[in-house]
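A.B. asks: Protein chains in written order, with my numbering: chain P, 11 to 364; chain E, 2 to 96.
The set of hints was computed from the structure by calculation and includes no laboratory data. Bear in mind that the values here come from a model prediction, so they are computed numbers and not experimental data. Among the hints, a few may not be true.
[To be verified] Short, incomplete list of chain E residues facing chain P, as computed with Cβ under 7 Å:
1) Val-16
2) Glu-19
3) Arg-26
4) Asn-57
No residue lacks a Cβ here, since even glycine has one placed at the ideal position from N, Cα and C.
Here is how the chains run, residue by residue.
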Amino acid sequence: MKVWSIDDPGAGDMGAIASWRKAVTAQAQSCEDAIDDLENVASASTDHWEGKGATEFISSLGRRIHRLELMAEACRISAAGATIYIDRVEDIQKSAVQLKRQIAEAQFALDHPSIEAQADYKLSIAPAKESRDSIDAANSAMEVLAYERHTADQNLMAVVLGQLSGKIDTDHARFTPMDFEDRLAANLGTFGILGSFAGGIAPRDRFYTDGYLPKSLAESGHMKDLRADIIAKLKAGEIDLQVPTSANRNLSSDVGTLFSDALNAAYFGTFGNLPETMVGSFGATYEVVEIDENRATVTFTITNDTTAESLNRVPGLPYEYFKMPWAPGVNLAHDFGGYQSTGQTVVWTEIVEF
Amino acid sequence: MDNTIRVDPAELAGVANELGNVAPRLTVSSPPDVSACQSSGVTRVLNAFTQELETNRQDIQEVLQVTADGVIKTANDFSEFDAELTAEFARVMPR
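Chain E extracted, bound-state conformation (with noise of 0.2 Å):
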């Protein structure tokens, strides 16, 4: 099987825009600052967690958008398809 997506470039952009539309939903307002609990070590667990939430976010966003944009890419230009998409996907796809 070769690495070609056989669809029409009009449906990728569509799939584009929603997958874009995705992405900015993740985001939600600042964490509160929860040291005033007063209890140092729930303090410092939550702020952890709450960290690595975030950073999970960026990371799940972040592939989101670059899949996205690789699709907009493909659909724009549809013979560059192989080589874009299919070297975004390998960039991405491992995370």
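The following block holds chain P by itself, in its conformation from the complex (with noise of 0.2 Å):
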């Protein structure tokens, strides 16, 4: 599939993704329907219903009602993530189609030069200048949109995944410990995502909402410490519902936390963590969705980015001096093709107790 790219950080119809959005916001209505008709049923016809078929028959309708409650919501907000995405990428567009005429009017000035500058060798340096000029700030200013539609992709992503794990997908999974085949899986699957990223063959962005990778970021020491600082706040009632809170982790100056992660994977019977080492600093951001007496639904999002300079980065030095001993070769890798950026998100769902 074709897909933008930072020639066109514009690329794209964004009517496919209103036509989306109008089907998820009439998925929100019918449900919203729906529910207003069960609670019709629920309260109306069988509120002088005796017996245990009938309790039964009021706690199955509510459940139903509850879980049509969830996928509103999250049609709802999914549906405002796209809103935000539509009119982030239309902006996007215009100033692509702008930047990429200011290319075109230079690019033409310096293949057709005025007769006045082709006879005055003098004067057609400072036209040519301004056009590669021009064509130069005009790149720069694609980059720059080609991260900004990047960013918004994984902002629509991160709040689509969010609602898909959190709401959707109703078979929470409790945080157990992983098994020691889960662990080797997890481990070795890392040197596969290593290997697609080294060869240049992974997407752009790749996501993860169940399998090794969630299971295996989840089990971090980060995350450790992290689920029980969620739970200490939820015991003392300082979580707000449905407010995502950042959580991210800068490795960069973390030299330590880095090494002994390096070594747990390397030489421990348990393997470490390899994912975690190989994600190193992440954005990450956790979400109580819902609190049921003493249990929370907490849903976590987890991005970061593989690029050749972060492998080549001495954790805690500059990086414009010091290099890992490989930066050479991956840099060749990197202009053939290998070592290119691709973006990872990954979402896991738990329902912790307090």
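Got two chains here, each in a separate frame; can you build the complex from them with the hints?
C.D. replies: What follows is the structure, encoded as structure tokens:
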């Protein structure tokens, strides 16, 4: 499938997203209508029913209503995310069109110098420089737009995945430690991720909602600390429902943690947690989507970019002066299509007790 | 407390009819193709969301339909109510 590229960060038909938003909004409405109908059935028709069967019947309707409420909410929030995405990408598209026009005009001026400029060599230098500067500026602006498009994509994916994991998929997994086979699969799987990254064959965006990567990240030391912090805040009543909270992890200056992770991964019989070592620094948010007495449903979203620069970087030291010994090889491979930047988004949901 | 719902069979038929009307209304038109947005990550996530939504919708629809059928069966033969409806509920309730 063709995807947008740095040459055209405004590529794509937002009409497709608008149609999706319309369908999802219609689904939310039909869920809400069904909720009204079921509430009418539950309250008007059965308030005088008696017996265990009646209790079960009402209870069942209640569960259906709750599930429909979650679906409707997920649809509404995802549709709102799509609206933000469409607005942002349409702005990017307008800017990209202007920049492409700027590049085309400057290129035309370079290719077709004026008669005066051709007649006078000195005069030709200024317009040529002006055109080249204009092209450079437009290309730089295009790179910024590409980053903004990438960010917009990531944001929409995080919003929708959060709803998917937290509200649509009702089979919430309680956090359980991985067994040996899972841990082995997690660590071996990391080599596959790194291999596709090194080979330049990894998709630009990768996302994981189940499998070994969410499992292994959920078990990481950082997440255990974060989970303990969330539980403490839940006990203290210090967490607001459905408010994404940042819990970023920055290892760029935390050499000790990085190396202890690497040592764990390399030497200990538990295989450590190589996926987390691979991910290293990451953006993280958690959101408490529901609280039921002493149980809370929490959605975690991890975002991370795997880049050649990151691979070459010596943690804690300035990249400009100190690089890993393999940097020349990585940079050479990068020029031939390997080690191209890829983004990872990992989302999972847990039920924590407090 | 026994397993009986003590209610007029005619009322059960009315409830079944209402439940039967709810389920079809959950159906929406087939989701649009979003690949034209030319972002492979976004396309995959939106498709995954749509797919899960449809799975949930079908599941709820099936449960409501089974419940409505069970209520209708009860209304038609009130004497078999306990065994029939309770068994149906036991099958679908945990979901």
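A.B. asks: Quick one: which hint numbers does this structure break? Sort them smallest to largest.
C.D. replies: none
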